[in-house]
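K.L.:
Residue numbers (the numbering used here), protein chains in the order written: chain A, 1 to 163; chain B, 164 to 957; chain C, 958 to 1220.
There may be inaccurate statements among the hints.
Stated by the list, open to error - Cut-off 25 angstroms, straight-line C-alpha distance, at most; resulting in silico cross-link-like pairs (DSS-like, lysine-lysine):
#1 B:753 - B:737
#2 B:291 - B:221
#3 B:609 - B:619
#4 B:737 - A:30
#5 B:221 - B:442
#6 C:1111 - B:221
#7 B:753 - B:730
#8 C:1148 - C:977
#9 A:30 - C:995
#10 C:995 - B:221
#11 B:619 - B:730
#12 B:291 - C:977
#13 A:83 - B:178
#14 B:291 - B:440
#15 C:1000 - B:291
#16 A:30 - B:730
#17 C:1126 - C:1111
#18 B:291 - C:1111
#19 B:704 - B:753
#20 B:254 - B:291
As the list claims (entries may be wrong) - A few chain A residues that don't get close to chain C, going by computed Cβ distances all over 12 angstroms:
#21 7
#22 12
#23 14
#24 20
#25 29
#26 31
#27 76
#28 79
#29 81
#30 92
#31 151
#32 152
#33 155
Said to hold, decoys possible - A few chain C positions that, by computed beta-carbon distances, are all more than 10 angstroms from chain A:
#34 971
#35 1008
#36 1032
#37 1043
#38 1057
#39 1059
#40 1112
In short, the hints are calculated from the structure, not lab data.
Glycine is no exception: its CB is placed at the ideal position from the N, C-alpha and C atoms.
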Amino acid sequence: MPHVSLTVNGKPASADVENRTLLVQLLREKLGLTGTHVGCDTSQCGACVVHVNGRSVKSCTILAVQCEGADVTTIEGLATDGKLHPMQEAFRENHGLQCGFCTPGMVMSALDLVKHNPDPSEREVREWLEGNLCRCTGYHNIVKSILAGAAAMRGQPTKAAAE
Amino acid sequence: MAPRDDGIGAAVRRKEDFRFLTGRGMYVDDIVRPGQLHAYILRSPHAHAEIRAIDTSKAMRANGVVAVFTGADMAKDNVGGLPCGWLVKNKDGSPMKEPPHPPLAVGRVRHVGDAVAVVIADSREAAKDAAELIEVDYLPLPAVASVADAIKPGAPQVWDIVPDNTCYDWELGDKAAVDAAFKRAHHVARIELVNNRLVPNAMEPRAAIGDFDPATGDYTLYTTSQNPHVIRLLMGAFVLHIPESKLRVYAPDVGGGFGSKIFHYAEEAIVTWAAGKVKRPVKWTAERSESFMTDAHGRDHVTRAELALDRDGKFLGLRVSTLANMGAYLSTFAPCVPTYLYATLLAGVYTTPAIYAEVRAVFTNTVPVDAYRGAGRPEATYLLERLVDVAAREMNLDPIEIRRRNFIAANAFPYQTPVALQYDSGNYQATLDQALKAADWAGFAKRREEARKRGKLRGIGISTYIEACGIAPSNVVGALGARAGLYEAAEVRVHPTGTVTVFTGCHSHGQGHETTYAQLVAEGLGIPIENIEIVHGDTAKIPFGMGTYGSRSLAVGGSAIVRAMDKVIRKGKKIAAHLLEAAEADIEFKDGKFTVAGTDRSKTFAEVALAAYVPHNYPLEELEPGLDETAFYDPKNFTFPAGCHICEVEIDPDTGVTQVVNFTAVDDVGRVINPMIVEGQVQGGVAQGIGQALLEGCVYDENGQLLTGSMMDYTLPRADNLPSIAVATQTTLCTHNPLGVKGCGEVGAIGAPPAVINAVIDALSPYGITHIDMPATPQRVWRAIQDARMKQAA
Amino acid sequence: MYDFAYHRPTNLADAARLAKDAEAKLMAGGMTLIPTLKQRLAKPSAVVDLGAVADLVGIRVEGGRVTIGAMTPHADVAGSVEVRRAIPALADLADGIGDPQVRNRGTIGGSLANNDPAADYPAAALGLGATIQTNERSIAADDYFRGLFETALKEGEIITAVHFPIPEKAAYAKFPNPASRYAIIGVFVAKGPQGVRVAVTGAGNGVFRVRAMEDALARNWSADAINGITVPAAECNGDIHASSEYRAHLIGVMAKRAIQAAG
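All chains should be modelled from the sequences, with the hints used to inform the complete structure.
P.N.:
In structure tokens form, the structure reads like this:
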């Protein structure tokens, strides 16, 4: 059985997998990191988005064996010492989640956006989210959260925080 | 004293968010039981076929396979069919047709995706590998997918025992009065429309784990449900014959429901039963393509309607005839959706004096259809608000003016409609006025002109809707055929140090109950919100309750919590009176303190709680120790949220693409407990409403094959399809529940579709287009423009 | 998905040898292959992952052409300052493929080798008159595309790079499928060293050129020049999202928008 070794959330991890095992299965079923979700089988919903070597990817559309030696960050790797990452905090502050199922993918995708575009417009956020589906929020508060999260990461106080 | 920052009316940030944001939610598929096996369900590729034989022998021998079961195995074990929870009667009083629904098909499959066999194996992939080795000998039969086809003479029969595929032919209202109204009419407006079939698509696919303890004989079902007690009752009593005392149903974090997770599904029974057979836990998780072909779908009506008006545009009578698709089997609450949740809403916010509706429910070879966000009420509202616009256009009346002339006046409440409901409160002029202002209706002409210069067709549309929710008075629904009560239960357990755990029968799958309910308790008991925990979802912990749907969690579930708190306070006063050596009648409870009226002598809530659990100085001869109260709240009436939604669209005439550019919602949802959550609920509902209007439509071909079987073909709204959604509230209090709340979960899905389509029609009016069916996809809009141009040219 | 053998060669020769097996599948970014495997629509004996093969990633602009390594992800093309300067239409096209996560993994070589009839890159390759470089030869785009998922590639032949001649002007206009966001119609127009070219994706069984539009645009580069020039509906596919008639109409609309965008 193939064996995969990689870094997950800054710590070494390894597991026996099948060649057909997807990264999301490795994370959820072998490493117990169930914050990364599976919402579809056609690589569209984005509930499974994680970062592989610094880029957001759909962990349902990459084989575990492809991640040998890779550096993977999941939603579990963002908060430190019980303190939310500014993007997570922005989602909380702006009610950017309801059922919570799409949320990890949304947050991970948003962080990749901010990396490319630290000060995105509303339109740019909406277009960036093409690969992330949410059925609860109508996206309104997700967009608001990402704009606020980006502002916080730029070091600007968010509007909500100023209120 | 200033209002609490964690009490009623405060935009408290959600208590549940930390776990979701850090990936520590616990959804069913996240749960791993020791020794857990995986189930894969083999499903029918045919819409309709006879099963002549099933050979599972090769699958049984495959790697990792523990067991393979078919419908015959379940029948041998005397497993019952999935029950229907609502009996609707025909016009002649005879009962509806209620065919059986075995969890695994027996003899025949009746829709693509019908469950045929289950493989239980070490891993999901092994189970799936083995399922391919099952040989099913099918004899394909003619199939029918649409209601229009299903009622044609000679149509394929879904059930031998259901002639003409007709489940029931039902009516409501005074036919003679309506006929008389039409005789007097100055004008009759007519419409024929389709309310498009939708696939709910909660982001979390359904999942279930069956667990059996051979030592005790106890079963546990972990499931993605909006109402675990209902599942326990239905599955235990009717399907698997397990007493409630030996069956626990636990719905942990659930990733959205929108109605689709109300119903008792075959897979729940299959994994629970199978766990008993193999004596190990059995997990099943749907793939999204399975969700498309097994989650109950929504809507799917074909309707003809006529509105009779007098010279001034006053409504005289409404006549409605609807065909409703039930799918191949009756899902749990399917029969009530196109009847009691639909026709009873046909008065809308108007004084129409005479209404008659007839509804024929029809079986087809499609996935069962049941309640989806709004359930019946979006269908009623869509039909009515489209018809009112048609009437306005035909009579040359402004769409706002015709609505104003027919509104139920603010001083006319309680208002009895001709279709059974009695509205308790509302102010429709007020929500309309506020929405017109917020949407800058007056400035629209200028925006249209500016869009025209850019080559875009801009349109504006309105809907003034009402819904009935907060379901429901048990005796009323019982008289209408419900096979259950619709009260809700809550236990408020005060702990010795004064912290509180609330156990509710409602279930939160995105609604934020852990926060909103905690706010009720913080306000009611005067304790900080940090000291309050809300527990839901586990039948081993919570009192018997009916769950969450129909925007009932606050109006019914919240009221139960208030009633239980009232009991806590009453008992607390007795204890405080004893401690303070005062008369019980003199004790006041306010801001978390029991005080002797007119004095500064008081005991804190925590002191009273401690006395109740350490009853050394306590009136033991009159009062039991402890401070733990349960209440069952049965609502006196439905609640009636109402409001006004205004949509502005721009259409690209070259491509037919419609973009929603502005959306304004002003809703009267009664008292608002958490405005942040209310706003989010409305926005989410509006998004689903815009989705129905412009994007979403489930399509079967004439042979019953599902053409929109994945997200590759079924268009779910994405962020770039939607605008910012402006939400405001306007409050009249519900008069019959202790909180004055009405409900907000469904208003968006109800109010939005007609506002969007009225805007699309307005935009297309230069072409003389008066009708388009949902979803108004680019292709459909382009086609309508082409046809209109050809007509104009001819 | 069905299980398979997995190979991760580090050089082209090994990759080509492994890919000679008729039952094996080459994998570039995997953005089509993995979903296909997940649906159990393919059962390869082996997956040959090109992810570790050296020298297949990178962008070079020289000698009047843009060269993109086969394993270069769409996001890199979209974000490349050089590409944006040389052929902005190509950067825009790459920026509109799939979603950000697809763009982070999906590659130009994978897209062209797969030749999905609704993919974007084939329109750019044909529209710009690109040359597809493989481990064995160079293939002109005009000779490369052979219909539905068919190309001139032989067993074991691997795309290594794609050369795009830098045009005078070019643009791509896409009308996406509302659900899948693949192209219902995508039209790439270019005026450059290879003359005027109009390539259409999404309409039929594979990308194709519209000579009548090219001729008209060669005479007069303006949106009005193609008035009245249509692709017959009979040559277009139809499905629940777009009838053949609607697709035929959209070719005209998207072509005009591309011409206007190209300036």
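K.L.:
All hints, please: hold or fail.
P.N.:
Each hint tested on the structure:
Restraint check: the Cα-Cα separation between residue 753 of chain B and residue 737 of chain B comes to about 15 angstroms, which is no more than 25 angstroms; the hinted pair holds. Pair hint residue 291 of chain B plus residue 221 of chain B holds up; C-alpha atoms about 13 angstroms apart against a cutoff of 25 angstroms. Our distance criterion of 25 angstroms between C-alpha atoms is met by residue 609 of chain B and residue 619 of chain B, whose separation comes to about 13 angstroms. Annotation: proposed proximity of residue 737 of chain B to residue 30 of chain A is violated, straight-line Cα distance about 56 angstroms (limit 25 angstroms).
Pair hint residue 221 of chain B plus residue 442 of chain B holds up; C-alpha atoms about 23 angstroms apart against a cutoff of 25 angstroms. Our distance criterion of 25 angstroms between C-alpha atoms is broken by residue 1111 of chain C and residue 221 of chain B, whose separation comes to about 38 angstroms. Distance check on the hinted pair: residue 753 of chain B and residue 730 of chain B sit about 15 angstroms apart at the alpha-carbon level, within 25 angstroms; holds. Our distance criterion of 25 angstroms between C-alpha atoms is broken by residue 1148 of chain C and residue 977 of chain C, whose separation comes to about 38 angstroms.
Pair hint residue 30 of chain A plus residue 995 of chain C holds up; C-alpha atoms about 19 angstroms apart against a cutoff of 25 angstroms. At most 25 angstroms may separate the alpha-carbon atoms for a hinted pair to count; residue 995 of chain C and residue 221 of chain B meet this at roughly 23 angstroms. For the suggested pair residue 619 of chain B and residue 730 of chain B, the alpha carbons sit about 61 angstroms apart, so the restraint of at most 25 angstroms is broken. Between residue 291 of chain B and residue 977 of chain C the CA atoms are separated by roughly 30 angstroms; this puts the pair beyond 25 angstroms, and the hint is violated.
Between residue 83 of chain A and residue 178 of chain B the CA atoms are separated by roughly 15 angstroms; this keeps the pair inside 25 angstroms, and the hint holds. Using a Cα cut-off of 25 angstroms, the hinted pair residue 291 of chain B and residue 440 of chain B holds, with the two alpha carbons roughly 20 angstroms apart. Restraint check: the Cα-Cα separation between residue 1000 of chain C and residue 291 of chain B comes to about 14 angstroms, which is no more than 25 angstroms; the hinted pair holds. Proximity of residue 30 of chain A to residue 730 of chain B is assessed by CA-CA distance (about 49 angstroms); at most 25 angstroms being required, the pair is judged violated.
For a cut-off of 25 angstroms, the pair hint linking residue 1126 of chain C to residue 1111 of chain C is broken: about 33 angstroms separates their Cα positions. Between residue 291 of chain B and residue 1111 of chain C the CA atoms are separated by roughly 33 angstroms; this puts the pair beyond 25 angstroms, and the hint is violated. Using a Cα cut-off of 25 angstroms, the hinted pair residue 704 of chain B and residue 753 of chain B is violated, with the two alpha carbons roughly 30 angstroms apart. Under the criterion of a C-alpha separation no larger than 25 angstroms, the hint pairing residue 254 of chain B with residue 291 of chain B is inconsistent with the structure, at around 47 angstroms.
Every C-beta of chain C lies more than 12 angstroms from that of residue 7 of chain A, the closest at about 17 angstroms, which supports listing it as non-interface. Consistency note on residue 12 of chain A: stated as away from chain C, and its beta-carbon is indeed over 12 angstroms from all of that chain's, at 20 angstroms minimum. In this structure residue 14 of chain A is separated from chain C by more than 12 angstroms, as the shortest Cβ-Cβ distance comes to about 17 angstroms. A beta-carbon of chain C is positioned within 12 angstroms of the beta-carbon of residue 20 of chain A; the least distance is around 5 angstroms.
Against the 12 angstroms criterion, residue 29 of chain A stays outside the reach of chain C, whose nearest CB is about 15 angstroms from its own CB. Every Cβ of chain C is farther than 12 angstroms from the Cβ of residue 31 of chain A; the closest lies at roughly 20 angstroms, confirming the non-interface assignment. For residue 76 of chain A, the shortest C-beta to C-beta distance to chain C comes to about 19 angstroms, beyond the 12 angstroms cut-off, and the non-interface label holds. At the 12 angstroms boundary, the C-beta of residue 79 of chain A stays outside the reach of chain C, the nearest C-beta of that chain being 22 angstroms off.
Listed as a non-interface residue, residue 81 of chain A keeps its Cβ farther than 12 angstroms from every Cβ of chain C; the least gap is roughly 29 angstroms. Chain C leaves residue 92 of chain A outside its interface by the beta-carbon criterion, the shortest separation being 23 angstroms against a cut-off of 12 angstroms. The claim that residue 151 of chain A is not at the interface with chain C holds, since no C-beta of that chain comes within 12 angstroms of its own (minimum 20 angstroms). At roughly 21 angstroms from the closest C-beta of chain C, the C-beta of residue 152 of chain A stays outside 12 angstroms, upholding its exclusion from the interface.
Distance to chain C confirms residue 155 of chain A as a non-interface residue, since its nearest Cβ pair spans about 24 angstroms, more than 12 angstroms. At roughly 17 angstroms, the least C-beta separation between residue 971 of chain C and chain A is larger than 10 angstroms, which holds for a residue marked as non-interface. Its beta-carbon lying about 6 angstroms from the closest one in chain A, residue 1008 of chain C breaks the requirement of being farther than 10 angstroms from that chain. Residue placement check: residue 1032 of chain C does not keep its beta carbon more than 10 angstroms from all beta carbons of chain A (closest about 7 angstroms).
The claim that residue 1043 of chain C lies off the interface holds: its Cβ sits roughly 21 angstroms from the closest Cβ of chain A, which is beyond the 10 angstroms cut-off. A beta-carbon of chain A comes within 10 angstroms of the beta-carbon of residue 1057 of chain C; the shortest separation is about 6 angstroms. Listed as outside the interface, residue 1059 of chain C is inconsistent with that label: its C-beta sits roughly 7 angstroms from the nearest C-beta of chain A, within the 10 angstroms cut-off. At the 10 angstroms boundary, the C-beta of residue 1112 of chain C stays outside the reach of chain A, the nearest C-beta of that chain being 22 angstroms off.
When each numbered hint is compared with the structure, violations occur for hints 4, 6, 8, 11, 12, 16, 17, 18, 19, 20, 24, 35, 36, 38 and 39.
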